[in-house]
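Novice: First to last, the sequence lines map onto chains A and B. 3 is the number of the first residue of the first sequence in the numbering used here; add one for each residue after it. 2 is the number of the first residue of the second sequence in the numbering used here; add one for each residue after it.
Please note that a few of the clues may not be correct.
Part of the chain A face toward chain B, derived, beta carbon under 7 angstroms [what the hints assert, rightly or not]:
(1) Y433
(2) D435
(3) H445
Here are the simulated lysine to aspartate or glutamate pairs, DMTMM-like style, with alpha carbons at most 20 angstroms apart [what the hints assert, rightly or not]:
(4) A:K372 - B:E55
(5) A:K100 - B:D51
(6) B:K373 - A:E446
In case anyone wonders, no lab produced these hints; they're calculated from the structure. These figures come from a predicted structure and were not determined experimentally. A virtual CB, placed ideally from N, CA and C, is assigned to each residue, including glycine.
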Amino acid sequence: MDKENEKNNNNKGSLLESDGRSPERVGDSRVIDDVTTGDYKYGFVTDVDTEVIPVGLDEDVVRLISRKKNEPEWLLDFRLKAYRHWLTMTPPKWGHLKMPDIDFQAISYYAAPVKKDGPKSLDEVDPEVLKTFDRLGIPLQEQKMLSGMAVDAVMDSVSVKTTHKEALAEKGIIFCSISEAVKDYPDLVRKYLGTVVSYKDNFYAALNSAVFSDGSFVYIPKGVRCPMELSTYFRINAAGTGQFERTLIVADDDSYVSYLEGCTAPMRDENQLHAAIVEIVVEERAEVKYSTVQNWYAGDAEGRGGVYNLVTKRGLCRGDYSKLSWTQVETGSAITWKYPSCVLAGRGSSGEFYSVAVTRNHQQADTGTKMIHLAPDTRSTIVSKGISAGYSENSYRGLVKVTPAAEGARNHTQCDSLLLGSNCGAHTFPYVDVMNPTAVVEHEATTSKISEEQLFYCNQRGIPTEQAVGLIVNGYAKEVMNKLPMEFAVEAQRLLQITLEGSVG
Amino acid sequence: MTMSSLKQYTDLFRQERVALDGNAPAALNAGRDRAMVFLTAAGSLPVKSDEGYEKTSIDEMFAPDYGVNVNRVNFPVNVAESFRCDVPNITTLLAVVVNDRFVPTTTLMKNLPEGVTVCSLRDADSALLGRWLGKTVESEDAALAFNSLLLQDGVFIHVAKGVKIPKAIQIVDIFSGQTPLLAPRRVLLVAEDGAEISVLKCDHTQTPGVEFASSEVIEIFAGEGAKVDWYDLEESSPATSRWCQFRCRQEAGSSLNICAATLTNGKTRNEYLIDVVGDHCETRLSGMAIGSGTQHIDNSSRLTHRSDRSNSDQLFKYVLDDNATGAFEGLIEVSRGARFNEAYQSNRNLLASTGARMHTKPQLLIYNDDVKCSHGATTGQLDSAALFYMRSRGIPLAEARKMLMQAFMVDVIEKIRLDSLRDRLRHLLELRFSGSCGDAACATCRNRADRQV
Numbered sequence: 003m004d005k006e007n008e009k010n011n012n013n014k015g016s017l018l019e020s021d022g023r024s025p026e027r028v029g030d031s032r033v034i035d036d037v038t039t040g041d042y043k044y045g046f047v048t049d050v051d052t053e054v055i056p057v058g059l060d061e062d063v064v065r066l067i068s069r070k071k072n073e074p075e076w077l078l079d080f081r082l083k084a085y086r087h088w089l090t091m092t093p094p095k096w097g098h099l100k101m102p103d104i105d106f107q108a109i110s111y112y113a114a115p116v117k118k119d120g121p122k123s124l125d126e127v128d129p130e131v132l133k134t135f136d137r138l139g140i141p142l143q144e145q146k147m148l149s150g151m152a153v154d155a156v157m158d159s160v161s162v163k164t165t166h167k168e169a170l171a172e173k174g175i176i177f178c179s180i181s182e183a184v185k186d187y188p189d190l191v192r193k194y195l196g197t198v199v200s201y202k203d204n205f206y207a208a209l210n211s212a213v214f215s216d217g218s219f220v221y222i223p224k225g226v227r228c229p230m231e232l233s234t235y236f237r238i239n240a241a242g243t244g245q246f247e248r249t250l251i252v253a254d255d256d257s258y259v260s261y262l263e264g265c266t267a268p269m270r271d272e273n274q275l276h277a278a279i280v281e282i283v284v285e286e287r288a289e290v291k292y293s294t295v296q297n298w299y300a301g302d303a304e305g306r307g308g309v310y311n312l313v314t315k316r317g318l319c320r321g322d323y324s325k326l327s328w329t330q331v332e333t334g335s336a337i338t339w340k341y342p343s344c345v346l347a348g349r350g351s352s353g354e355f356y357s358v359a360v361t362r363n364h365q366q367a368d369t370g371t372k373m374i375h376l377a378p379d380t381r382s383t384i385v386s387k388g389i390s391a392g393y394s395e396n397s398y399r400g401l402v403k404v405t406p407a408a409e410g411a412r413n414h415t416q417c418d419s420l421l422l423g424s425n426c427g428a429h430t431f432p433y434v435d436v437m438n439p440t441a442v443v444e445h446e447a448t449t450s451k452i453s454e455e456q457l458f459y460c461n462q463r464g465i466p467t468e469q470a471v472g473l474i475v476n477g478y479a480k481e482v483m484n485k486l487p488m489e490f491a492v493e494a495q496r497l498l499q500i501t502l503e504g505s506v507g
Numbered sequence: 002m003t004m005s006s007l008k009q010y011t012d013l014f015r016q017e018r019v020a021l022d023g024n025a026p027a028a029l030n031a032g033r034d035r036a037m038v039f040l041t042a043a044g045s046l047p048v049k050s051d052e053g054y055e056k057t058s059i060d061e062m063f064a065p066d067y068g069v070n071v072n073r074v075n076f077p078v079n080v081a082e083s084f085r086c087d088v089p090n091i092t093t094l095l096a097v098v099v100n101d102r103f104v105p106t107t108t109l110m111k112n113l114p115e116g117v118t119v120c121s122l123r124d125a126d127s128a129l130l131g132r133w134l135g136k137t138v139e140s141e142d143a144a145l146a147f148n149s150l151l152l153q154d155g156v157f158i159h160v161a162k163g164v165k166i167p168k169a170i171q172i173v174d175i176f177s178g179q180t181p182l183l184a185p186r187r188v189l190l191v192a193e194d195g196a197e198i199s200v201l202k203c204d205h206t207q208t209p210g211v212e213f214a215s216s217e218v219i220e221i222f223a224g225e226g227a228k229v230d231w232y233d234l235e236e237s238s239p240a241t242s243r244w245c246q247f248r249c250r251q252e253a254g255s256s257l258n259i260c261a262a263t264l265t266n267g268k269t270r271n272e273y274l275i276d277v278v279g280d281h282c283e284t285r286l287s288g289m290a291i292g293s294g295t296q297h298i299d300n301s302s303r304l305t306h307r308s309d310r311s312n313s314d315q316l317f318k319y320v321l322d323d324n325a326t327g328a329f330e331g332l333i334e335v336s337r338g339a340r341f342n343e344a345y346q347s348n349r350n351l352l353a354s355t356g357a358r359m360h361t362k363p364q365l366l367i368y369n370d371d372v373k374c375s376h377g378a379t380t381g382q383l384d385s386a387a388l389f390y391m392r393s394r395g396i397p398l399a400e401a402r403k404m405l406m407q408a409f410m411v412d413v414i415e416k417i418r419l420d421s422l423r424d425r426l427r428h429l430l431e432l433r434f435s436g437s438c439g440d441a442a443c444a445t446c447r448n449r450a451d452r453q454v
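Full structure from sequences and hints, please.
Specialist: Quick look at the structure:
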């Protein structure tokens, strides 16, 4: 053993002591040491137990993440395969987005849960954000948490979480973090992970598969109707979900679940890049409803900063007569690139996509859906409402594909765009591929500004223009809002109104 | 071993540069260097992984070993003379293009009204060529570059200020020869302020067994208040490939009506670039495609409103049978600062067999809030209730289907402003749906022409 290696081992020894970790780990480190010695020249240090992992990504970082999380061998293999595939890929450029090149070697791919560089008090938080908190009626404790401060007080939602957990366990429903699921239900996770979104799917999906931090796992057993809306909101304090979130939902035969992601409050986040994956498997006659309200930091009025939201969401309607419904309200993020999709593989299965996307200032959104009809009698509905204001660019991009086997498939697509202001853009890029003559596929899109007659009517009855725009926009988005769970819908509606304030010229 | 098919043409260009330049006037030669630079940078002709070419690989289309008539071999003109599109009751001023060579007819030269020029690009006014050739639309792309690289001849049409031509000009493109041939074809139509003209162009293949490919660029300039109608009829053979790009520029108050019909063909890719630069313009762009066998028909449009208060309407309809493939990509763009425009687009398709495929991509690119824009696309089958109704009244299934398909195309035919052509196209459609068009139609076409002359 040469000197350098010895030194490293010494380092490790001292760390182990100070950490007081079990000695079994040392064996592991040695193995890794042997494997990675060759990489020292790149500056990689195998101090597995330190909290500071250097920025950058290589195979050792992937191994490290996996080991930090005590993952089984098969999951490490999955990550490594994904990583190796990722190396062969390039970021997609087809979106109608102006996105600066991301330096993937400048990102730290593992953030230990205890590390939090948040503001020390609410005084440090952007007053605009605080104002929005107040108007949305978010309690002070939650405001602190959402701003990224370390909160030790026991929060309401934590106790809510525990009560809910008991109710769910009674029905046999599994709802936990994906790391827990890997430990407690390895067979289930292994059976479904990566079956809907392959690690080869796209650049960001490959990256996520290699380095995913955490996320949620849901399993609804056969014939069970989930008694409540499952929400990531309950889990937010256990955060650390990080920028590479991975969600896996499995609804077994005849089950039903409604899942909520995100919340209406503006989320402060240090991570510029978010590359999440959501996978949903819907078995026979089961139904999954997935609702998202996304309000990540969108950058300031000049378009500086803001989150890049590059997400792969897909559901597989595997069973006959299964149903998957996506509903999304997108108001945040500097750049949004996401296409929640349905693969309709079961006979008579159906997919739905309801979306409201609002962009303002310098935000850019390229979002839509894919409906892949693989089986006979499959149906899909797409309703997309885009609202652009300021200097923003808002695009709908969607694919409806009817394969030769999809006898009698049916699709209807409705995309409307509303323009507020003459400096923004609203675009529609639908792709329709039909390979079966019995299919009926319809696409309709309109683009216009808010009708002056409607504004005049409101003004005439004493409603100021700003309020009138809010009213009209809410009416315009109603079709989608109606699909949201009740309490979510009320919040989302208020959010829409607040978002659009000041953007009417 | 896959090599970009572009190489054979750039190699040919390098070898034959002197001959090419000798065959064409300075204005045509002026574009070659730039075209070469563009194509070299692109590295290959568009392939399916290029956005906008998803369903048609131009690279594949031009992969066969096509020759280019650099030595200007003269194909017998008398064959071409007797070859005209079968449009009875319509007297047109006829010009013929054999492969890529412009052949004027005596009737054309004698009957041209004052203020109207129809001639070979080689004899065209060099000032006008310099002003417009390759410059009607300010965008460089593969279709223009590829055409400019090997271009040796073409048609030049000029209509002076305020001149209105009562008769339609007809251009008959004919492929003829015993060896596979590539024909770079170009039309430059300049309609000065207030001019009015309609043009009917039809594409035929005379020797159906031989593989042909055309690279066509049709440039149309419509001056202030000008009115241009362009009807394009393709009746080529299954071995013919066509890559045709329209480049149109509309000045204030002008009206442009393009109607294209693909009745028979091999592989076709039509691109329509229309720049509406003046206020108060009117644009109608419509197309129909009837595909059977292994026909491939791809229409792609990009209509840009750069000014105020214009109105545009696009309508494309497809009926696809057997293993035919159809693709449509339509784009409406409204530039920032272009106000009060109304732009509509519609694409309706019928699939008549399990092997037929249709790919649709209607798009909106809107950068101004004061607009009314919409697009719609449907793909489906014949209405079973309508079929049942007709059969219950004693109309056989095949007949009922034919009638419904013909009826489906009526609104495209309605866009044609030449009565005689409208009737003619109705008749051709009937023939087409009865399965007796294509080569057969070419034969009737020839006979009819003989009888008329």
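Novice: Could you tell me which of the numbered hints above are not met by this structure, giving the numbers in increasing order?
Specialist: none
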